[in-house]
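Put the two chains together into one complex; each comes in its own frame, and the hints tell you how they fit.
For the record, the sequence lines run as chains Z and E. Throughout, the working numbering is defined as the position within the first sequence, counted from one, plus 1. Throughout, the working numbering is defined as the position within the second sequence, counted from one, plus 7.
Any given hint could turn out to be false.
[What the hints assert, rightly or not] Simulated restraints on C-beta separations:
no.: 1; chain 1: Z; residue 1: G195; chain 2: E; residue 2: V249; range: 41 to 49 Å
no.: 2; chain 1: E; residue 1: Q245; chain 2: Z; residue 2: P218; range: 30 to 38 Å
no.: 3; chain 1: E; residue 1: M8; chain 2: Z; residue 2: E197; range: 23 to 31 Å
no.: 4; chain 1: E; residue 1: A212; chain 2: Z; residue 2: D98; range: 47 to 55 Å
no.: 5; chain 1: Z; residue 1: P234; chain 2: E; residue 2: T228; range: 46 to 54 Å
no.: 6; chain 1: E; residue 1: H162; chain 2: Z; residue 2: E7; range: 38 to 46 Å
no.: 7; chain 1: Z; residue 1: E179; chain 2: E; residue 2: Q119; range: 48 to 56 Å
[What the hints assert, rightly or not] Taking beta-carbon pairs under 7 Å as the criterion, some of the chain Z residues facing chain E (in silico):
no.: 8; residue: Y119
no.: 9; residue: R236
no.: 10; residue: A241
[Said to hold, decoys possible] No more than 25 Å apart at the CA atoms, straight line, and that leaves these computed lysine to any residue pairs for SDA-like:
no.: 11; chain 1: Z; residue 1: K213; chain 2: E; residue 2: K133
no.: 12; chain 1: Z; residue 1: K48; chain 2: Z; residue 2: R31
no.: 13; chain 1: Z; residue 1: K130; chain 2: Z; residue 2: R214
no.: 14; chain 1: E; residue 1: K185; chain 2: Z; residue 2: W253
no.: 15; chain 1: E; residue 1: K185; chain 2: Z; residue 2: Q226
no.: 16; chain 1: Z; residue 1: K106; chain 2: Z; residue 2: H6
no.: 17; chain 1: E; residue 1: K185; chain 2: Z; residue 2: D233
no.: 18; chain 1: Z; residue 1: K213; chain 2: E; residue 2: K185
no.: 19; chain 1: Z; residue 1: K213; chain 2: E; residue 2: R146
no.: 20; chain 1: Z; residue 1: K175; chain 2: Z; residue 2: R192
no.: 21; chain 1: E; residue 1: K53; chain 2: E; residue 2: G40
no.: 22; chain 1: E; residue 1: K133; chain 2: Z; residue 2: Q226
no.: 23; chain 1: E; residue 1: K185; chain 2: Z; residue 2: S125
no.: 24; chain 1: Z; residue 1: K106; chain 2: Z; residue 2: P138
no.: 25; chain 1: Z; residue 1: K171; chain 2: Z; residue 2: R126
no.: 26; chain 1: E; residue 1: K53; chain 2: E; residue 2: I41
no.: 27; chain 1: Z; residue 1: K154; chain 2: Z; residue 2: M2
no.: 28; chain 1: E; residue 1: K185; chain 2: Z; residue 2: W100
no.: 29; chain 1: E; residue 1: K133; chain 2: Z; residue 2: Q121
If you're looking for bench data, these hints aren't it; they were derived computationally from the structure. Keep in mind it's a predicted model, so treat the numbers as computed, not measured. By construction, the Cβ of each residue, glycine as well, lies at the ideal position given by its N, Cα and C atoms.
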Amino acid sequence: MPVTHERGYLIPAVDSESVDYLRCAVQLARSIRHWHPDANITALTVKSCHDPVFDHVIPLPHGDLGGYCNDWQVFQASPYRQTIKLEADMIAASPLDHWWTIFEKRDVVVSLGARDFYDQPAESRYYRKIFDLNDLPDVYNAITYWRLSATAKEFFDLVRLIFKHWPEYKTLLKFPEESPSTDVVYAMAARIMGPESVTLPQGLGPSIVHMKRHIIPTTSHDWTQELIWETDPFRINTVAQWGLVHYHVKDWALHG
Amino acid sequence: MTQGALIFAFDNDHIDYVAMAAWSAENIRRHLGIPVAVITDREDVKGFDCIIHCDRGSHNHRWFGDFETQMPWHNHARADAYRLSPWDQTLLLDADYVVASDQLRCVLDSSQDFLAHRWARDVTGKNDFSGLNYFGDNRMPMWWATVIMFRRCTHAELIFSTMAMVRDHWTHYRHLYKNPIVSYRNDHALTIALGVVNGHTLDHAGIPWSLASVVPEYRLTRVDTDRYRVDFVNQENQSRWVEIRDQDFHAMGKKHLGDMIASHT
Numbered sequence: 002m003p004v005t006h007e008r009g010y011l012i013p014a015v016d017s018e019s020v021d022y023l024r025c026a027v028q029l030a031r032s033i034r035h036w037h038p039d040a041n042i043t044a045l046t047v048k049s050c051h052d053p054v055f056d057h058v059i060p061l062p063h064g065d066l067g068g069y070c071n072d073w074q075v076f077q078a079s080p081y082r083q084t085i086k087l088e089a090d091m092i093a094a095s096p097l098d099h100w101w102t103i104f105e106k107r108d109v110v111v112s113l114g115a116r117d118f119y120d121q122p123a124e125s126r127y128y129r130k131i132f133d134l135n136d137l138p139d140v141y142n143a144i145t146y147w148r149l150s151a152t153a154k155e156f157f158d159l160v161r162l163i164f165k166h167w168p169e170y171k172t173l174l175k176f177p178e179e180s181p182s183t184d185v186v187y188a189m190a191a192r193i194m195g196p197e198s199v200t201l202p203q204g205l206g207p208s209i210v211h212m213k214r215h216i217i218p219t220t221s222h223d224w225t226q227e228l229i230w231e232t233d234p235f236r237i238n239t240v241a242q243w244g245l246v247h248y249h250v251k252d253w254a255l256h257g
Numbered sequence: 008m009t010q011g012a013l014i015f016a017f018d019n020d021h022i023d024y025v026a027m028a029a030w031s032a033e034n035i036r037r038h039l040g041i042p043v044a045v046i047t048d049r050e051d052v053k054g055f056d057c058i059i060h061c062d063r064g065s066h067n068h069r070w071f072g073d074f075e076t077q078m079p080w081h082n083h084a085r086a087d088a089y090r091l092s093p094w095d096q097t098l099l100l101d102a103d104y105v106v107a108s109d110q111l112r113c114v115l116d117s118s119q120d121f122l123a124h125r126w127a128r129d130v131t132g133k134n135d136f137s138g139l140n141y142f143g144d145n146r147m148p149m150w151w152a153t154v155i156m157f158r159r160c161t162h163a164e165l166i167f168s169t170m171a172m173v174r175d176h177w178t179h180y181r182h183l184y185k186n187p188i189v190s191y192r193n194d195h196a197l198t199i200a201l202g203v204v205n206g207h208t209l210d211h212a213g214i215p216w217s218l219a220s221v222v223p224e225y226r227l228t229r230v231d232t233d234r235y236r237v238d239f240v241n242q243e244n245q246s247r248w249v250e251i252r253d254q255d256f257h258a259m260g261k262k263h264l265g266d267m268i269a270s271h272t
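This is chain E alone, in the form it adopts within the complex (with noise of 0.2 Å):
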């Protein structure tokens, strides 16, 4: 049986995912020793095991808070991953998830089809996260699809075809679930894809943790390897930081992840 992680990177005019993916491949293979497959639409790519080409699709608009703008964000061909996985057992990715622990390793080794996690929360405690956790006018619980562990089986070949479905009958999901959000979002197509698969209940294996998760509004800075630090202003106007420490995160902000990478690489 192949193991190995998958990440998707479609760059755009301000963020290198490609970049991303290459730095983050390095963490993944250090910490958790399985190979990484890419998927993208750029010719001049190292630094992977695996490289896929693959034609970036349609796209959304949506507004990136670190960067204080719009911009195209090409992310309709995640429900594409189990077709175009090269692993038997694949741990799926965002670009801007820093593995820094070998924590992942635990859901490689669970006996599940396929595992997202549930619940998101604010590393430095400040948000609740009681917005993000949920999506649509009526808070719909949401499935993050920042890290999907899936095996090859009919479960998961479900699970990512329904997603598809979703994305391809977008408006349609979208005004079912009362979301005000436009813009296709994996993971509100999955946790859609999740309801359907799993007899139109929430209920579904989980990884057993909450996503640690660094939104775009605090500083991200690189201290030492496995070992970041998080800048922020708390309730009172306070500036504090919390340092992350072997410890995987979300950074939501990808300008400073990608400044990150740039002044270390």
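Next comes chain Z alone, as it looks inside the complex (with noise of 0.2 Å):
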């Protein structure tokens, strides 16, 4: 994809059986334009879409290759010199353009720890038992920034090649996962590049309020029917939020 502007933000969307992603980006790409009404943001998917929202809405450059295994795809599919992909299921509570600042200088930065709806560290490791039996950074790809460089090109080569040599490549791991996960690659490939190379210092960086159960805590899956919610602005058991809420439970995005 040729470059068109210095810096935007890009949201891979392909859904899968059980969840319009394009759904969630819309809903994302709009939280970000409340903010940011000048922002770029492209949506990368396989289906058609026309929504406004979108400065670009451009297909996957190799097809859908199924679920996460179409993450390595975005560095191609880019139309920015400076990108900052984020996850789909997720919404901006607060101004993000001040990121850019944070992350210019690295090549590649992918986000490290998440954060709970209070704004503290995530304590629980239940969902990260494999990172740390693997001593593998604590990435989450949701948040990811890269410049077009050298750097960006060999680690998205690495997730590329670790996502299509996977059987080879989890021998690597303790009781290794049988589907890759987007962050699991991620973590991978930062450990082979070395993890100062493509992560800024913990708390440094941005990170996302992560709302699975057993980081809030909440009894059940569905944190939307057990916590109170309020938007515009966007609180959670009266809690403000900051930055970017990953609300998990995906058919939250139709209300929200």
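Take a look at the structure:
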């Protein structure tokens, strides 16, 4: 994809059997536009979409390879010299544009760690056992920045290789997943390249608010039925949210 | 500008909070050199620079582990501290907070309008306090109302008036924050009030160290002036003790503190 702008947000949105990620992406893009009306926002999808919230809707360069295995295509697909890739099932609860200043001196930044809705670092390691067992950096691909650079190319080439050759790469891990998750693949790529080359020190860069049950904590999977939430401003159990909130309950986007 | 400490002391049948407050007043004067006011409903009160009589208001019942019984707990008036304090700058202390050093001097010297402790810790290190530093089913990070410094200003007035609002509508707020504890607690009201006043964020300047605490199941004894011993049983069920010296702490078990004060005075 030729470069059309210096900076922009890229939202991969390939539906799964149960989740309409394009709808999530529209919701996320609208929340970014709320704070930054002039932001460049691109959706990366296999569906047709004419929602004006996106500047571009572009197809996956190599087509839908299934599930998480599409992720490495973001590097080739982005129309921006500097890209912030965002997972679709999130909402921007506050301005994000100061992130560019944080990121711009680096070639690649994958976010590190997550927060609960109180803005405290997520303490539960329930979802991160494989990271701890294998001494992998605690990366979350939900927020990933890169600028066109050799480092970024090397990183996404590695991501592609790990996805493609997962049966071999997984032998490097203790208790590996059968199907690779993007976070684990990113963490392996980060470990191979050196985590310091693709992350910022913990606490310096942005991190997502993670609304999974064991982090918040709630008694059920669907926090939207258990916690009190308000929009405009976005608050959960009265606590004002900022940055990106990974709401996790995918159909919540329909109401948010 | 006047500066002083303020202690609420409403006795019940088992705990002489006024005696605790009077003993604490001596320590406060000795270490911090400030006058001490007490708010109570008792008439026969001595040992304070200022005595403010106030109705104890409604009360809760709560379980006191060290007495192994339910008792009345007269804690509702604390939200009125801003209105009742005779001082321009007030150090509001629980009667069971033991002043054994001048460490609160730097709280009084700070330029903040309102300070409290965000974290408490077990002086023995046995408990991580992960339960006590949060409240409600969704683990709201809690501020402690045990030590509060406030200046007479709009900000502090708002915090206390919001605390009073929470107190007066406790059932609503208890449900809102999914708090399984039925009894009104000032720590919870303070936490909610700080959130509301600070734009529904948890960002607020706090006292820059954690609140040293002695839980009710430990035995607390006085060794000497400003020296205390805490006997406890560790995780391996072995008897151990630590000494607290020249260090303020929150004696959460009123029985041991009461016995200690009674034997000392």
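C-beta pair A212(E), D98(Z): status relative to the range 47 to 55 Å that was hinted:
The hint (47 to 55 Å, Cβ to Cβ) is violated, given that A212(E) and D98(Z) are roughly 28 Å apart.
With the threshold set at 25 Å, check whether the alpha-carbon distance from K185(E) to D233(Z) stays at or below it.
23 Å, holds
Agreement of K213(Z) and K133(E) with the hint, judged by alpha carbon distance not exceeding 25 Å
30 Å, violated
Compare the distance between the alpha carbons of K106(Z) and H6(Z) with 25 Å, and conclude whether the hinted pair is satisfied.
Satisfied, since the Cα-Cα distance of roughly 18 Å is no more than 25 Å.
Should the hint that A241(Z) touches chain E count as held when the rule is a Cβ pair under 7 Å?
Because about 4 Å separates A241(Z) from the closest Cβ in chain E, which is inside the 7 Å limit, the hint holds.
Does the structure keep K53(E) and I41(E) at a Cα separation of 25 Å or less?
Holds, because 17 Å separates the two Cα atoms, which is no more than 25 Å.
Straight-line alpha-carbon gap K213(Z) to R146(E), limit 25 Å:
14 Å, holds
So if I understand the rule, the pair passes when the alpha-carbon distance is 25 Å or less; does K154(Z) with M2(Z) pass?
14 Å, holds
Confirm or reject the claim that G195(Z) and V249(E) have a C-beta distance inside 41 to 49 Å.
44 Å, holds
Holds or violated: 30 to 38 Å for the Cβ distance of Q245(E) and P218(Z)?
Taking Cβ atoms as reference, Q245(E) and P218(Z) lie about 33 Å apart, which means the hint holds.
Assess, step by step, whether the Cα of K185(E) is no farther than 25 Å from the Cα of Q226(Z), and give holds or violated.
Roughly 13 Å separates the two Cα atoms, so the pair holds.
Taking 25 Å as the top limit, are the C-alpha atoms of K185(E) and W253(Z) close enough?
Measuring from Cα to Cα gives roughly 21 Å; hence the hint holds.
The structure shown violates the earlier hints numbered 3, 4, 11, 22, 28.
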